[in-house]
Structures are given as structure tokens and as C-alpha cells.
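Chains R and L: place on chain Y using the hints.
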Amino acid sequence: MTSAPPGIAVAPELPELLPAVNFGRGAVGFLRRHPAVAVGGTLLLFMLLIAVFAPYLGTVDPTALATARRTRPPSAEHWFGTDMLGRDLYSRVIYGARVSLLVGFSVAAFASVIGLAIGLVAGFVRWADAVLMRVMDGLMSIPPILLAVALMALTRGSVGNVILAITIAEIPRVSRLVRSVVLSLREQPYVDAAVAAGTRTPMIILRHILPNTIAPMTVQATYICASAMIIEAILSFIGAGTPPITPSWGNIMAEGRALWQVKPFIVFFPAVFLSLTVLSVNLLGDGWRDALDPRMAKGL
Amino acid sequence: MDRRTLLKGFAGAGTLAATGRLTAPALAQGTAARTLRFVPQANLANFDPIWGTQYVVRNASAMVWDTLYGMDEKLEPQRQMVEAEEVSADGLTWTFRLRPGLKFHDGEPVLARDVAASLERWTARDQMGLLIRAIQQELTAADDRTVKWVLKKPFPKMLLALGKISTPIAFIMPERLAKTDPFKQISEYVGSGPMRFVKDEWVPGAKAAFERFPDYAPRSEPGSWLAGGKRMLAERVEWVVMPDPATAGAALQSGEIDWWENPISDLVPLLRKNRNVAVDIADPLGNIGAFRMNHLYPPFNDVRARRAVLMAMSQEDYMRAIVGDDDNLWKPLPGFFTPGTPLYTDEGGEILKGPRKLDAAKKLLAESGYAGQPVTCLVAQDQPITKAQGDVTADLLKRLGMNVDFAAIDWGTVGARRAMKTPPGQGGWQMFHTWHSGADCINPAVAIGVRASGDKAWFGWPDVPEVEAQVTAWYEAKTPDEEKAAIGRLNKAALDDVVYAPTGFFLGYQAWRKNVSGVVKGPLPFFWGVAKSA
Amino acid sequence: MLAYVVRRVIATVPVMAVVAFFVFSLLYIAPGDPAAVIAGDQATPADVERIRQSLGLDRPFLIRFGEWVWQILHGDLGTSIFTNLPVTAMMAQRFEPTLSLMVITLTFAVGVAVPIGVLAAWKAGTWIDRVIMAFAIFGFSVPVFVIAYLLAFVFALELEWLPVQGYTPLAEGIWPWFENLILPAIALGCVYIALIARTTRAAMLEVLQQDYIRTARAKGIGQGGILFVHALKNASVPIVTVIGIGVALLIGGAVVTESVFAIPGLGRLTVDAILRRDYPLIQGLVLLFSFVYVLVNLLVDLSYTLLDPRIRY
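Residue numbers (the working numbering), protein chains in the order written: chain Y, 1 to 300; chain R, 301 to 834; chain L, 835 to 1147.
Keep in mind that the hints were calculated from the coordinates and are not lab data. These figures come from a predicted structure and were not determined experimentally. Cβ coordinates follow ideal geometry from the N, Cα and C atoms, glycine included. Certain hints may be false.
As the list claims (entries may be wrong) - Computed footprint of chain Y on chain R; a stretch qualifies when at least three of its residues, placed anywhere within it, have a C-beta under 8 Å from a C-beta of chain Y: (1) 536-549; (2) 618-624; (3) 675-689.
Okay, chain Y solo, but in the shape it has when bound (with noise of 0.2 Å):
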């Protein structure tokens, strides 16, 4: 335990050499097996072509407004209601799944990308190793909905400036990850022979490194993808998120807030919306960790 530092066991330790995930007979047997995966990926799937599809879903524009008609309840004309302003709820929730869907992703990628990058420099790089680890770990001590307030309020409200702000905040634990992956291989026999015979550094990492830190960090990116979804609710819900005219499901349910005992219904679509999607992510990072885990795949 005292080679890998704390702080990374969201996911527990994987061992050091993976064995390939077991698919046995093909695809479809693979997701029966794990079942997570399916439900997951398939509320996921669902969720992505509604993002996509959005304009041709029944839509319509979600930042027309018509004040006369605020905070109408579901009916036929207008399926989940309208806002404050008029706005038809059910066009800005399935637009708000394209912001939703967009931060999570968004976040989830750069992380990873910037984190990968860090976690290597750090994992070889001796003397950048202390000084990176401790910006890393400033960073980490910040809350990251407070850091991302703190960003918020430098710049403006947008969808691009919550995506930074999150990804700055979720940069620090990937980034520890690799780090930790990257040592604990290092003191491998094979890689000590790649270096003796004289392999330069990006080819070890491209040959040894690298697959072995894609399974953890893609089981972390589904985390941190769920956890950014989340975040980004929290700052809306703070009023340090996305401003109203690009509908997202934490902008909607931040404005319905203060109406939710008399108007459940603006709060209630979103919150449906983003706990599915949320749900599906998670579901799917823990069927994903457990298929990668050769002793559940030993079908335990």
C-alpha cells in the first residue's frame, strides 16, 4: 500500500498487468454478463441521440419567449409545461441535453488528456515529479465546486468557462492515477530491460505505459464525466453556471427552484433527465471496472 499514495481509490487497485477483457462469445454475451454495462450503455445511447436529434424530437425554440404563458403546467400544447419566462420546458430539456451531455463528455475527455499527460511527465520526469505532485495537490485541496465559482465569476457565465472551470478541478486526481500506474510499472523487470536495451522513453510509454492506464482511466473517465454532469447542476443551481439562453438541465432546474412547491414540474423533468443520464454513467463506469477486473471475471 505505501507504493501507491491515497487518494486514487475511487476505483480499487488494479493490478499491475492486465489480462485482455474476457469476451467469450462475442458482444452480446459480454454485455449479459454484465448487465451494468448494457443497462448503462444503453440509457446512455438513448440519452446521446436525444441530444443529437433534438430539432427533430417535437421541439421548439427553447429560448422563444411568451410571458403571458409563464409557468403553465404540462399540457398537450406544451408537454413538460413552461417556465418562468414562457419558455417551453420539454424543447429546452431535450436541448439542455446537449449542454449536459457536452460538459460531461467535454470534461471527462480534457481531463483525461491534460491528466495523462501530467501523470507521465510526473511518473518519469524525477525533479518535475515533486513540483507537479504538489501544484496537484493545492489544487486538489480546493473544493472543486468552489474553484469552479472562483472561475466562474473571473471570466463570465458560458458553457465553454464551466467546461474549463470543471476540467481544471478534476485534472489533479487523474493526473495521480497515471502517476501511480506509471511507478508501479516502472520497477517492472520488462520495462527495466526495455531501458536497458536501450527503448527511448515514448516508445516504453507507448508499449507498456499506455495500456495499462487506459482501463483505470477509462473506468475514472466515466466518473469524472458523471461527476462533472453533477457539478455543473450544482453552479447553475448557485447562479455561477450557464446563463439561461443556452437551456442545460442545471440552468432549468436552478430557475424553477424557488417555485418547486407550487411548479414541480420545471424542477422534476430536468432532475429526471439528469439522474438517468447520471445513473447511466455511473452504471456503466462500474460494469466497465468490474469486466476489466479478472476476478469478477471469474463471474463471481
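Below, chains R and L alone, put in the same frame as chain Y:
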């Protein structure tokens, strides 16, 4: 017995408060029952009413400090701390005589020295005060109870200045506190008002406590806003800050708080249904929503572009966005002065009346030379009023075919950015949203928004000599009719040039538990005369 | 061991220095400063500038930073720009509510999550396992404020079992203090439960495979003994680790809970301070959070020595 009390009994809890619903504090039951718990409109972050000019600071300060004159319901200044005043025949010397028996919360008597020092500090920060300061010859304490103010030119609106409600109010503080630099905060909160501020219990941003000052000697007349006798009936007032309006609503329903300064109008039907809660209009002077365009840079440096926006905008949209579905809460406003007050006028307001002319507006906009450049709109997201207005504006400008650069920032940043005279694209701005309390729009002396003195004007820097000429005419008017005439011309000139765009006049509600009596309508919550029964 | 602790404490200094520098720079670059808000609507630009000068906000970065560091080394965190109160006093006022909320939330979360995680591991692969994990994941997926509103609605408004909002200091009675914290702790805890239950289950699963468990079973030790005495103890390292991580996450969630339930805690104070640009207060609070984070990590690492005798520093 309700379920909460039952549960508490099982848990072996301590004393039950009289209402049966409160968690039982260690205070005696009697005190708890006579504590008025109030939810203010905003967080009471600081407590120096001359240094920090937010409305919430003024409202709290009105309990702790007293004034020489106070405005009554009829918007007339009446004597408060002053027993009698005298102005010399040439209008240059004002003499004020204080009432006997006025005391500060630390037991010291209120002396003319304290008054003089307080007025010095106040005139350094207040608009009208600065005008007086510019013509001041001397301000002295003739004796312990007499203050003499000698001017170089007459200032007929002196009593209005000393008794007005717009911030900063001329509160009277002990000399040692009043000697604090007006650009720095005082550190002690001692006044001569009907309530004492309990500094030990102050949790900034969460709670503030005030206790009745037993040595306060109210005037004999009945109380009327800041005038007349301020008789405190509650022993203790607690201000509880609640950032979540839904929680405040729930707490009012469950009896955990007694009085809510500004419930959102959408929750009002729910509150009305509760048989323990009463709801009524809070401030008959209401508020005026506004957005200001930057007269220095394109596109709004051309009056045609500004007028195009006014032609196309719908005050109904703005008002509904702010107050919701309740039609009692808003009125269209074809002008700049508060409806229901003597100086209200709609002269020149045709552009805002009648059906909206979107096509004509687009044509006018094109004539002004607008070619699609981005229009930076500053919208504070943390103030519900500006946030709502911002959304409506974004929609309005889009329909006009303008390219909107929506800056979703916070109120503090708006405050900083709107002061910048740099071109848009270099940190400047073309439009920002705000609002004014109705009390601040009753005459040109307090309505800073309508002034059009170019560089010296408020942000947006409108430059309309006719408006300023009419302001001077108002100041020099000798009869109410002359005043009204000047204001009428002012209104027209200001609208023709679009000094700023009024989005409408709106009111708000206040809500309280039915066991609280004496809550009145006014521009700020008045705690005297308010009692809470068991 | 003592040397280890000392080394760790010293190692926190560079971390906190990084944090301090980062936050200070961020605030310095940020547009908008408190002077405009304080000066109010009526102020002229000259007024605003005067206020800015009296607050010392117009001086260069290094001078301000140096002065602040000097102050900290003397134990003075400065004075809040808005309230004129010392930052330490303001933080001290809000400390108890947040600490109380954290403690109760953690107790509740650990108290629920560990047993259900153990149960899920014991019955791994069965429907009990699936249900428990689904339920846990669900708590992790719903935003905190939605849970908070639901709880407030059902238990406070409708059933009237608990207060809607507020905080009662411990000095005024244990039950009133606890009563105000029940709903917030449950709302906040739901998120946490998932995290801990998952880790517990995974760690337990790994331990339950081990040979010594089979030996224990062969020796006739009952299921309870196996699960809780032998297995859990050995699985506790990752569990305690994730509890430590969660403290930082909890503060974020506490901001929301404190807003919804009107608890005068540090989370709300920080967000208010950030939005108002009360620089000294923001800086002091962020330093406090990073100190707490570092402290918690240290405690977690030290706890390893108690839980796993193989670990020695």
C-alpha cells in the same frame, strides 16, 4: 398536539416554545415568543449606512439610528429629532433645535456636536449633500442642542435632503463614529434609534439581532414611515438571511419565521391559502426596472438605434418576467417618475405606448447604420430582477436582428464594468440592466438615472442639455405647478433622447404570520408598531 | 513514526503555499472588485477610486501578496472588506455549523454505507447485491438539492416531523441541534453513501477471496465474525481512503445544503465571499479548506498504521 411536539416529547426534549413548533432555545419562553423573526431582501453584509449604500443596510440602519427629519407617507419631511427649525430671511442660515432627552445606546446624550459631525460625514457621500457642501459656509454646534448651518446660497430643499429615504440617509451618529473617514467603515454601531444592534450576535450573511432600546423617547404624533413616534412593541427583532426563497416560503408556512420582506410573487397564492399567513403589497412606491444603453459608442450612440429599441420593446414582457402572472403587481411606465407620486407624468411617452412596432423599429435601426456588430449586454445572474430582464432583452434584440453578446456575470462585476468608458470589445459595454426603487424616482434630486449631464451623468453618460435645464428649473420652481411643468418637459426630453429605457413599474408583496400585527406598507420595513402575539 | 508525522506536516507548507499563490493570483486577475459594490449606485468614479485606495486594492500584486503572507505568518488572516470584522472571527462563527453537518453526515453515511457494502459483498452476484448497488448508485446520481427539496417537502412541510430550516447551536440543547441537522445530513449523505458502499464492496470482495478467510471459515468462525472482524478490518484501508477523499467533495455539497436549509456554515460564506469579491475572506477560507484537506489526508494515512499492521512509517 402536533406531531413535532409529540416526537420531541419522546426524545425527552427540553422546554417547548409557545408555538409548539419551534426548537426550544435556551432563552425563556417569553422572550422567544416576543422575538420577531424577519427575512430581509438580501444579506446584511455590512452595517455602515454612509459607507455602504445598499438598501438592506439602510433598512437595518433605520432601526438603530435616528434622523433629524423623516419622510412620512405623503412624502413630506417631518421633524423627528428636531424640535424646531428656523431659516433666516435670506435663506442662508438654517438653525435646528434638538428635542430634549435624546440618548445614544451607550447612555450618552445626543448633542449638537454629534449632529454636526454626522452631517459632515453624510454630505461627503450623498448627492444632495454634496450640493449643500459645495455652498457651505459653516456647520457648527451653537450650543448643546442647537445646530447652525450657514450657506453661501439658499437651498430650499434642505428639509427634503435631511429627511429623504433614498440612500444614504442622514443618520445621526455619535461624534467619535462620525469622525470616521466617509470612505472607510465605522467599527461600532451605536445610534439613538428605537433599537439597539446586538453586535455579539451578528453573524454576517446569516443573522443579525436587534433589541428594544428602553430609553428611546418617541414623538407624540402617530408614526408614519420615518416620521412621527417610533414605538417599538417587540422586545427583539432577528434578521434571518435565507438564500433560498422556497425555504423562506416553507419556513413562513411552518411558523419558523414571522415576516418575509419580499416573497416571490409565484409563491404568493400558496401563502395566501395558508390560514396563518397574511399577504399584502410591500411598498406602494414600488420599483422601476431599467436598462441603460451606452451613449458613447455604436450602435447606441445614435439616438435612432436607441429609439428603435424603445419602439420594439414590450414593457409587459419585462414586467411579467419580473413579477409573474399577477396583474396587480405592475403598470406600464411611459416615463421616469414613480406612478402615484405628485411628479409622475407620461408626457412624451407615446413611443412606449400602444402596440409594438417591430418593423418600423427594424427600419429605424438600419437607418442608424447598425451593421451587425455584436452588442455587449451585461446581465447580473445573481440578482433575480436583472437576470429576468436580461433574458427578455436578449430575445428583444434578437428579434430586432441584432447580434447579442450576452455577458452573464455577477452584480459586482457589473458594477465594475459599467464604469468603464473603454470601447466595447476592449472591456466596455453597450447595455446593462438595473432597477431603481420607486422612492428613488420621485423627483430629480434623488433620481440619478434620469440626469443627462454627459460625463457627470450616470453610467451610459447621456448628454441632453434640455434635461439638465429642466432639472434646474425644478430646483428653482416656486410652486407645485411650476414643478410639474418642468418635470413634464424633462420627461419628454429624456424619452426623446432615451436617457435610459424604463422597463416598467412593478410592486412586490410582503408576507407575515397572522399573529403579527402592525405591518404597514412602505419603502422599507418599519419595525415600530409591530407586535407579535402568542 | 513521529519523524514521519513531522515530515508530513512540513510537506504541507509547499502545498498551502501553492494554494495561497494560486488563489491570490486568481482574485487579482478577476475583473470587478468590491469597491464598486461598496460605493453604491450614486458614487462617482472618483469615489470608487477612493474606496479602492482605502482598501489597498490599487497596489501592485507582489506588495499585496507579500503583505498578506507576512500577516499570515503572524497568525493574522486580515479583515473582511465588507464587514470590517477579522477573518478569523468570521470563520470561527461559521465553523460549528459546518463541522456539525460534516460529522453527522459522515456518521450517517459510514453507518449506512459500510454495512450495506459488506452485505453486498457477502451476497455478491445475487439480486440483493444488485439492488443494494443500484440503490447506492441512485443516491449518487440525483443532485443534492433535489433530494434536499424532496426531504424538506415530505418530512418538514407535509408531515411536520422536522424543522424546515435553520441551525441551533449545540449549546442550546442536543436535540434541537440534532433536529435541525437530520434532513441536511441525509440529503448530503446520500451522495457519499454510494461512494463508500461501492468501495467497501470492492475491497471486501478482494479480501474475501483471500486464503486466510478460508482458513477462518475452516476454523469454524461464524459469518458475522468473518465479515466484520477478519474481512472488514483488512478491507478498511481503501474504505478509509475514500472517506478522506470525500471530505473535499462534501464541502461542495455542503454549499448547496447550507443554502437550501439556511444553515450559516462555511460553504455559504465562501460562495457569498467569492461573489462579492471579499478578498481577505476568500483567501482565508481557501487556506482553511486546504489545511483541512491536508489534515484529513494525514489522519487517513496515520490510520493505516492502526488498521493494517503491515504499514509502518
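Hint by hint, here is what the structure shows:
no.	hint	verdict
1	536-549	holds (count 4)
2	618-624	holds (count 3)
3	675-689	holds (count 5)
Checked against the numbered hints given earlier, the structure satisfies every one of them.
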